[in-house]
Amino acid sequence: MTRAREGGWSDVTLGADMRLGSHVAAWATLSQADNLPSGENTLYLMGVSANF
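Here the sequence shown is numbered in the UniProt record's numbering, starting from 1 and rising by one per residue.
Just so you know, not all the hints are guaranteed correct.
Taking CB as the label site, the calculated pair distances span [claimed, not checked]:
id, residue 1, residue 2, range
1, 23, 45, 32 to 40 Å
2, 45, 21, 20 to 28 Å
3, 43, 22, 16 to 24 Å
4, 52, 10, 34 to 42 Å
For the record, the hints were derived by calculation from the structure and aren't laboratory data. Built from N, CA and C at the ideal position, the CB exists for glycine as well.
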């Protein structure tokens with residue numbers, strides 16, 4: 001988990017990963033930021049990574 005604060009905005013990120021096999025893992029991240037000019041405050045990311 002990371003957290004940053006500067007001026008009028010803050011950013012909090014929480015992530016996790018889970019091993020699915022000897023070469024494959026799944027991961028997910030939730031990031032929430034305040035006071036962005038685009039108006040979007042929450043970002044959800046999910047993915048799968050493989051090691052060959």
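- [ ] With 16 to 24 Å as the target window, see if residue 43 and residue 22 comply at their CB atoms.
- [x] Roughly 30 Å apart at Cβ, these two residues miss the hinted range, so it is violated.
Open item on the list: Between the beta carbons of residue 45 and residue 21, is the distance compatible with 20 to 28 Å?
Closed with: 21 Å, holds
Task: Whether the CB-CB distance between residue 23 and residue 45 falls inside 32 to 40 Å - done: Given a distance of about 21 Å, which is not inside 32 to 40 Å, the answer is violated.
Open item on the list: Quick check: does the Cβ-Cβ distance between residue 52 and residue 10 fall within 34 to 42 Å?
Closed with: Once the Cβ atoms are compared, 39 Å apart, the range 34 to 42 Å for residue 10 and residue 52 holds.
Of the numbered hints given earlier, the model fails hints 1 and 3; all others are met.
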